[in-house]
Every structure is written in structure tokens, then in C-alpha cells.
Amino acid sequence: MGKLLEVTDLKVGFRIDGKEYLALRGIDFDLNKGETLCIVGESGCGKSVTSLAIMDLLPVNGRVVDGSIKFKDEELTSLSKKKRREFRGKKIGMIFQEPMTALNPLLKIGFQLKEALKLHQGITGQEATEKAVEYLDKVGIPEPKARLKQYSYQLSGGLRQRVMIAMVLCAEPDIIIADEPTTALDVTIQAQVLKLLEELKNELEIGIILITHDMGVVAEVADRVCVLYAGNKCEEGTVDEIFNDPKHPYTKGLLASVPDIDSETFENNPIPGVFPTIQEEIDGCRFNTRCPVAKDACFNGKRKIPLVKCSSNHHYICHLGAEYYETKL
Amino acid sequence: MKQNYEILMEVKNLKKFYTLKSGKLFDRKLRYARAVNDITFNIYKGEVLGVVGESGCGKSTLGRTLIQMDSPTDGEIIYKNQDITKIPEKDFKKYKKEMQMIFQDPFASLNPRHRVGTALEEVFKIHTDLNHEERKEEVTRLLKEVGLKAEHYNSYPHQFSGGQRQRIGISRAIALNPELIICDEAISALDVSIQAQVLNILNVIQDKYDLTYLFITHDLAVAKHFCDRIMVMYLGHIMEMCSTEELFQNTMHPYTISLLMSAPRPNVKKEREQIILEGEVPSLVNPPKGCPFNTRCPKAKDICFEKVPEYREISKGHYISCHYPVEDGKLK
Chain A
1 MGKLLEVTDL
11 KVGFRIDGKE
21 YLALRGIDFD
31 LNKGETLCIV
41 GESGCGKSVT
51 SLAIMDLLPV
61 NGRVVDGSIK
71 FKDEELTSLS
81 KKKRREFRGK
91 KIGMIFQEPM
101 TALNPLLKIG
111 FQLKEALKLH
121 QGITGQEATE
131 KAVEYLDKVG
141 IPEPKARLKQ
151 YSYQLSGGLR
161 QRVMIAMVLC
171 AEPDIIIADE
181 PTTALDVTIQ
191 AQVLKLLEEL
201 KNELEIGIIL
211 ITHDMGVVAE
221 VADRVCVLYA
231 GNKCEEGTVD
241 EIFNDPKHPY
251 TKGLLASVPD
261 IDSETFENNP
271 IPGVFPTIQE
281 EIDGCRFNTR
291 CPVAKDACFN
301 GKRKIPLVKC
311 SSNHHYICHL
321 GAEYYETKL
Chain B
1001 MKQNYEILME
1011 VKNLKKFYTL
1021 KSGKLFDRKL
1031 RYARAVNDIT
1041 FNIYKGEVLG
1051 VVGESGCGKS
1061 TLGRTLIQMD
1071 SPTDGEIIYK
1081 NQDITKIPEK
1091 DFKKYKKEMQ
1101 MIFQDPFASL
1111 NPRHRVGTAL
1121 EEVFKIHTDL
1131 NHEERKEEVT
1141 RLLKEVGLKA
1151 EHYNSYPHQF
1161 SGGQRQRIGI
1171 SRAIALNPEL
1181 IICDEAISAL
1191 DVSIQAQVLN
1201 ILNVIQDKYD
1211 LTYLFITHDL
1221 AVAKHFCDRI
1231 MVMYLGHIME
1241 MCSTEELFQN
1251 TMHPYTISLL
1261 MSAPRPNVKK
1271 EREQIILEGE
1281 VPSLVNPPKG
1291 CPFNTRCPKA
1301 KDICFEKVPE
1311 YREISKGHYI
1321 SCHYPVEDGK
1331 LK
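Chains as they are written, first to last, in the numbering used here: chain A, 1 to 329; chain B, 1001 to 1332.
Hints may contain errors.
[As the list claims (entries may be wrong)] List time: in silico EDC-like cross-link candidates among lysine to aspartate or glutamate, alpha-carbon distance up to 20 angstroms:
1) A:Lys149 with A:Glu172
2) A:Lys108 with A:Glu130
3) A:Lys195 with B:Glu1122
4) A:Lys195 with B:Glu1179
5) B:Lys1090 with B:Glu1137
6) A:Lys252 with A:Glu205
7) A:Lys201 with A:Asp223
8) B:Lys1097 with B:Glu1122
9) A:Lys138 with B:Glu1278
10) B:Lys1330 with A:Glu127
11) B:Lys1094 with B:Glu1133
12) B:Lys1208 with B:Glu1098
13) A:Lys138 with B:Asp1129
14) B:Lys1093 with B:Glu1076
15) B:Lys1144 with B:Asp1207
[As the list claims (entries may be wrong)] Which stretches of chain B does chain A cover? Using the computed rule of at least three CB atoms under 8 angstroms from a CB of chain A, they are:
16) 1188-1195
17) 1252-1260
Hints were generated in silico from the structure; no laboratory data involved. Keep in mind the model is a prediction, meaning the values are calculated, not measured. Virtual Cβ for every residue (Gly too), placed ideally from N, Cα, C.
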């Protein structure tokens, strides 16, 4: 499998009141062709910042402080703004959470799709119309011809999200980043959209980065999972490894707080405490104040948190893991 | 379920239609969005009654109508032997205290310019004769009750996290010792680890204050683990209603079955049978003729397109409105 994207030690900072705070504190992951990588975590963990950094869409007060983002061996972070535009949309497409705000309410769907086709594939006129219909059909929109003449407000939430996906496909990207694509949708519609993404992935052999907070969605579509907490990666592994053999205390806590519709009982053991803000400086592991098994070492800011490998895909980053690992050796 | 069958609130043929203007200037024909369409049920004292359904099914309207935030178009809501839809506003004030609501977005329901203490004190200013000192004492007690600190009295809403704000919303709701609390998507805006915390608080205060909840949610997994009975709504109608146990073991309505199937599972154990519903929820303004679910139902036959199915008790405590209830829990 070819590597599409390689992110190493990515650090993103935001300037707030004249001081820079890190929203991402050095995360690594990669994405292969034809796979879905889910980035999960709670709000504020840096999952959306990751996607914005890859797309070079960070707000004005944010910047990539350190690290590298490689797209097929090409380093993105050192490229000029102009060069970077050739990747955004064209090579890496993005689907946002709220399709209503991502579509222009004043322009017809057809116009917006054709604009994307002209920009990315250089197709115009009648040919573009045909192509637009074809893409709308591909994402399962009924009566695609009639839709071209409609405005976004005339469509339901599920259809709007499909139009967004069609628009992203117009550029024939290698990677699609979907930031909470189904959070605003109802469960029955969510199931439809997730199925569509899965089909497109298999058919077009693209790589999908799916950003979500919903463990149910993760279990449904992910091949590999990357768990973030407060700007750090906690654990990464295949979907089976994460769900059946979670190692990091945060991953465990996260899974335990999701009620399962199939199980008869639900022991409500929430993770105590509150999520730290990015301004908060925490000595040692950023999860230490909420971690049920934290030891002294976890509060020691001088100690580097070790990465523990469980298999070729599965690893986690935790002090406790190291101790556990050492005693086992 | 708590063994208590005392009826707290009786709802009979409740309807709430919103009138819509047509776009044309001199067109006087009115159209209606039938948000709640002929609903009959009881709320028992001390239970958690879940209301689930997709957006636009009327679940929030139902909650708002029950506590008279919206006045119903038709029907009766009987509370303590009084039809509260028929009594004048000033007589309703005493019942208002007993029915409270927790909203989805706690930030939107708090005034950003008021300190939390001031906002909570307002409740007592309006409904009680307590003096300033007593009010402050009460508010401090409430804040502690939901796991906040006395110092938070002087903080502003923006200084809190989402979970803490929702706790403030809860403390406001329990301030006047209510009987019934409507939780309208009360935990939907929160992160999962915080959701679990807030559910725990709701549980604790329910036991302590002997509360009844109407728990509106779109999350079936949460409903399963938190509610005693569940009502499934679709396009303003009740599709199925029974105890939680019965609903999950003996699901009978095709809509409920497909809803349960499309809910994503947080585990990767097995390949499960998945039927993804096609199409979308029809508009409330222009509902289909016959059964509201007929446009998407895999089991629909001729009669479903002609007659609205009767809402009936199919076995003890299990209500359903469907011409062809599913017997073995399988759609195909």
C-alpha cells in the first residue's frame, strides 16, 4: 500500500492575548491508500486543528510551529502559499460538519459544482453539466438533473452533505478529510452517508481521514484509529485493537463512557474532572489530573512520556505503560 | 422501572400545529406544520419517560407544549386533576414552579452578562419571598448539589465548560422543587465523558427530589440505559411506546426496528444485519396520506397508503400504531 500522507511531530500554536499556546503538541500518523483513518477525541483535543493544518486553513492567529506534513514524499509545510493551493481541494478535499455553511446560499448547486470542475479539471460548458450530473448521481442524489437548478436551502441536511461530497469528488482528490461529516445528521441519514463514504473509498481507492467524536461511527467505518487528548496522541491502532484491546487509560475511559445499545447493562463510570484548556500548563502527562491510575511519574514534567509498541500498528503513549513494560521485562 | 403507577400527567389527543404563511402576497390559504399530531399518553410519577425520534419528529414541540411554553392547538393535558391548557395564565403560575426544563445548549439559556449567582437568584425573586441573604444561601446550596463550588456564585457563564454550564442549567431547574423536568436533548451538546457525568447527576437528584423526567433525545443508546419507558415519534405521531425492556426485546414497529439498526455501535464484534432506510423524513407541512412512515417503510402495503393506523395497545403497556406490526423482530 502506498503512503499518501505522513504527519510527523506536528505542532500547531495559537496566539491568544499575545502569547502562543500549543493546540497540537507533536502528533504523528500516516494514511495509506484505500484506508479510513479515524481521529477521535473530545472537543478541544486538536482533531479539527489537525485537519486545518493539513489543509493550510488555520485561522490567522494559528500556525504550524514545528513538524512535517508529507503528501506522497512532498513536504507541504515548506511550500509557498501559492504552491499550497494546488494541493488544497485538488489533491486533498475536505468535507465540513455543517454543509449549509459550506455551500453558498446565493448560488445554484449546479453553478457551484461546475465551478469546482472548471477549477480542478478545466471542464466547462455542456461537458461540465454532464459531469456534474454524473457526480451527483454517484453520491446517490435522486433526480440529479433537477438538483442542478436548486439552491442549498431547498435541500435537506442529508442531501446537502451529499452535494458537498460530490463537490469534493469533482477535483478527484487522493485524500478526503471529513470533519464530523455526520454529526449534524439524523441516525438513519448518518448511516446512509457513512455507507456512501465507504463505497467511494473502495471504488476510487482514496484515503479518508474521518474526524469524529462518536465512537459508534468509528467502529462502523474506521480501518485504523488515532486517539487524541488535549493536543497529544494517546493511542493508535487498528479498529479491532482499539476497541477490543485498548491500552491507554484515556481510551479505556472514553470507551467506557459510551453507552452500548446492544448491551443490557451500562456501568456509568465517567472520566472525572474537566478537559484542560490549551492555556493550561500541566506538568507531565496532560491526562494526569483525570487519570484513574496516575502515578508520581505522570506528574513529572521532566520525564519524556514513552511510546510503547504493542504490534506493528498498535502503540500508545503513557508513563504507566513504560513501567508496566519494564517490570514485565 | 420504579414500582409506582400513580399518574402524574395525562395527555389526551394533544395537537400542536404551527401556521405557515404561503409565499404569495394575497394568498390567504393557511398551511399547517403538524408538529404534534393527536398524541395520547400518560406520564407516571417517578419515571423517566424517553422520547426518541429524528429531527422534525415533534419531540421538542411536545416537551414545550407539555409545560405550556407553547399553547397546544387542541387536546388536554391533565395535571393534578386540572386541564392546564384551559386555565388562565395567572392561575398557571403555581404549576409553572412544578414543571421545569433543561435545554440542549446551556450557554444559550444563560445570560452572558449575568453572574451565575444573579441568574439563579432570579428564580427565587420571582417565585418566593426569600430575602437577599436567604436567596444567596439557597443558590450556594444548589451549586453544591450539582457538583459545583460556592465560589462559582460570582463567575460568568463564559468561564465555565460545557458540562459545568449544563450543571448550572440543572441547578436552575431543581431550584423550586419541581415535580416534572423536561430534559430537551440535555446531554447532546456535551462530550461523551461529560455526558456520563451529567447523566449521573440527573440520576442522583432524581432519587433525592423524587423527580419525574421527560427525557427527549435522539440517542437510542442513552435512552436505553437511562429511561424506564420510551416513546418513539415520527412526523408528529407516536409510532411505538412501551417499557424500555420491551422495546428492545420485542420491537414491533418497522420504524423502531430500522432506527435501532441504523444506530452506530461502539464495538467491532460482529457483522450485524443492517437495513439502511432509504429516503428522508417527509415534511410536516405535507405529510404522506395514510401511515406517516409509508414512504420509507419496507413492509408497507396498500392499506398503509390509505388509512392512518390506529394507535392501540397491542399487549399490556405496549402501544403501537402500525397496520402490520413485526412479530419476530425481523424486517425481512
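(request) Would you check the hint for lysine 1090 (chain B) and glutamate 1137 (chain B), treating anything up to 20 angstroms between C-alpha atoms as holding? (result) With Cα atoms ~29 angstroms apart, lysine 1090 (chain B) and glutamate 1137 (chain B) exceed 20 angstroms; violated.
(message) Need the status of pair lysine 252 (chain A), glutamate 205 (chain A): alpha-carbon distance at most 20 angstroms?
(response) Distance ~32 angstroms between lysine 252 (chain A) and glutamate 205 (chain A) Cα, so the pair is violated.
(message) Please verify whether lysine 1330 (chain B) and glutamate 127 (chain A) have alpha carbons no more than 20 angstroms apart.
(response) 46 angstroms, violated
(request) Quickly compare the C-alpha distance for lysine 201 (chain A) and aspartate 223 (chain A) to 20 angstroms and report which way the hint goes. (result) 11 angstroms, holds
(request) Take a quick look at whether lysine 138 (chain A) and glutamate 1278 (chain B) sit within 20 angstroms of each other, Cα to Cα. (result) 16 angstroms, holds
(request) Check whether three or more residues of the stretch 1252-1260 of chain B sit with their beta carbon closer than 8 angstroms to a beta carbon of chain A. (result) holds (count 3)
(message) Run the distance test for lysine 1097 (chain B) versus glutamate 1122 (chain B): straight-line Cα separation, threshold 20 angstroms.
(response) Status holds; Cα separation ~13 angstroms.
(message) Check whether the Cα positions of lysine 195 (chain A) and glutamate 1179 (chain B) lie no farther apart than 20 angstroms.
(response) Distance of about 44 angstroms is beyond 20 angstroms: violated.
(request) Assess, step by step, whether the Cα of lysine 1094 (chain B) is no farther than 20 angstroms from the Cα of glutamate 1133 (chain B), and give holds or violated. (result) Roughly 24 angstroms separates the two Cα atoms, so the pair is violated.
(message) Please verify whether lysine 195 (chain A) and glutamate 1122 (chain B) have alpha carbons no more than 20 angstroms apart.
(response) 49 angstroms, violated
(message) Against the 20 angstroms threshold, does the CA-CA distance of lysine 149 (chain A) and glutamate 172 (chain A) hold or violate the hint?
(response) Cα-Cα ~23 angstroms, so violated.
(message) Hinted pair, alpha-carbon criterion (20 angstroms max): lysine 1144 (chain B), aspartate 1207 (chain B). Please report holds or violated.
(response) 16 angstroms, holds
The structure fails to meet hints 1, 3, 4, 5, 6, 10, 11 and 13 from the earlier list, while all remaining hints are met.
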